[in-house]
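Protein chains in written order, with the working numbering: chain A, 1 to 391; chain B, 1 to 130.
These are computed hints drawn from the structure, not numbers from a lab.
Honestly, I wouldn't trust all of these hints.
Pair ranges (Cβ atoms, derived) [stated by the list, open to error]: (1) E226(A) <-> D54(B): 51 to 59 angstroms; (2) K104(B) <-> K303(A): 24 to 32 angstroms; (3) G100(A) <-> T13(B): 28 to 36 angstroms.
By construction, the Cβ of each residue, glycine as well, lies at the ideal position given by its N, Cα and C atoms.
The lines below spell out each chain.
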Amino acid sequence: MSIKGKAYIGGIYEHPTRLATDKSLAMIHAEVAKGCLEDAGLSKDDVDAYFCAGDAPGLGPMSMADYMGLTKLKHFDSTDVGGSSYVVHVGHAAEAIALGKCKVALITLAGRPRAEGMATGTVPRSRGGSPTPDEPFEFPYGPTVVNMYGMAAMRHMHEFGTTSEQLAWIKVAASHHAQYNEHALLRDVVTVQDVVNSPMISDPLHRLDCCVITDGGGAILVVAPEIARSLKRPKVKIIGAAETTKNQMGGAVDLTYTGARYTGPASFAEAGVKPSDIKYASIYDSFTITVLMQLEDLGFCEKGKGGAFVSDGNLISGTGKLPFNTDGGGLCSNHPGNRGGLTKVLEAVRQVRGEAHPKVQVKNCDLALAHGTGGSLGSRHGSGTVILERE
Amino acid sequence: MAEKERKLPAAVTSPETEEYWAAAKEGKLLVKKCKSCGRTHHYPRSLCPYCFSDKTEWTTASGKGVLYSYSVMRRAPIPYALAYVTLAEGPTMMTNMVDCDFDKLKVGQAVKVVFKPTEGGGALPCFTPA
Ligand SMILES: [Zn+2]
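Based on the sequences and whatever the hints tell you, model everything.
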């Protein structure tokens, strides 16, 4: 059994805020849910399934259903694989709809790390409580978000000769797109020189190789085919989805690949399409290296050739062969709650609907991919891919 | 070379791993080896992560290895080098490169274990150029 064509994206919403000092976490979840239902033209009482991850307060679905007054739930899921959770949720929602468990599945994300003054990338964070089994063997060495991705980048450079200038092209492309997004945190177009001359945070990653830290959130509505047909919105069909985890393999560490090595081929096989068919790709961009490695693993280029692939504007809409993250992505626009998977799906849906900013809208964008990574490329992460088609 | 050294937190031990930390205090690096499949793994588990056998035993590693990757955290109050070292025995472990010029580190270089004191009187296996 496949989810191909069994569910559609019925509504999307992205919170415009990037600094939410005046809002509670639950409030942002509810605001994006409301915005998403309005986009679809549905009401709260149509929602019969709810999906959230670790960013939701309390016990996820229980606490949030109570707060938002969702009283018709027949299905829920709080799978938490970090920033990739919401891409995985789209697949799970499609599965539940295909099985007839529900018809209108709401997925929400919210976060306010900026309002809380969290040193997201540069301070080692113990998870607290009872430690994960890996933590005693890692935390004392000071792993942070940025130096863990730094080690992945360092190894990629060693094995494949990837350069800082090549990585910089990814940020350059994101900045070209962000200039048209009125909500983006960073709207200035930057050059390769700007990126490589920005301060070194943790070798070989510079400040401009890193994503932004923002508050905000977003929501997605996954609906059954008969619901999609009743809505006055363009029809965005889910035709492929896959998920996996990648880890350290008991010490057989290989930092040169990501979980996309499985989720790419698996989602393409389900969808019955190939990487060269994809008109637009939303690629998780916590760091420039994240994008480069995922592009290789998803099959957009050969392993080790990502540096050449991303260079010379190849990811810029209107210029390059594979327009990516046309909202500016995590590198320039937002990274709500340090979890960027949901916004990846949103821009892919805008592109397939033809509702991206006219300056970055891909012509005849009938096929798009969204991919998320949650956790760390330097140790263990979750991966999710979805493929969307305009009907 | 950094003038000051980072404070290293005391190890969090469990019945599954206390031998590892006791050995580190004595200047020995232990790795777990599986008697069923013969593979050595890290971090240590009771059940082998390769074949799920419970016949795992502690063995003393040579302390020799090769630098697999590293990243120097320049933004920390005292910069430090997070690293992965591939041990001669097989597994790759997370560690810190210490007592060295961070600007001269090279992926692939030979390294050897040294033990750095932690808070609470324990010791943490780190590595330095061989
Ligand atoms: Zn075994």
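Quick rundown of the hints versus the structure:
The hint said 51 to 59 angstroms for the Cβ distance between E226(A) and D54(B), and at roughly 52 angstroms that hint holds. The beta-carbon spacing between K104(B) and K303(A), approximately 29 angstroms, falls within the hinted interval of 24 to 32 angstroms. Against the hinted window of 28 to 36 angstroms, the Cβ-Cβ separation of G100(A) and T13(B) comes to about 49 angstroms, which falls outside the hint.
Checked against the numbered hints given earlier, the structure breaks only hint 3 and satisfies all the rest.
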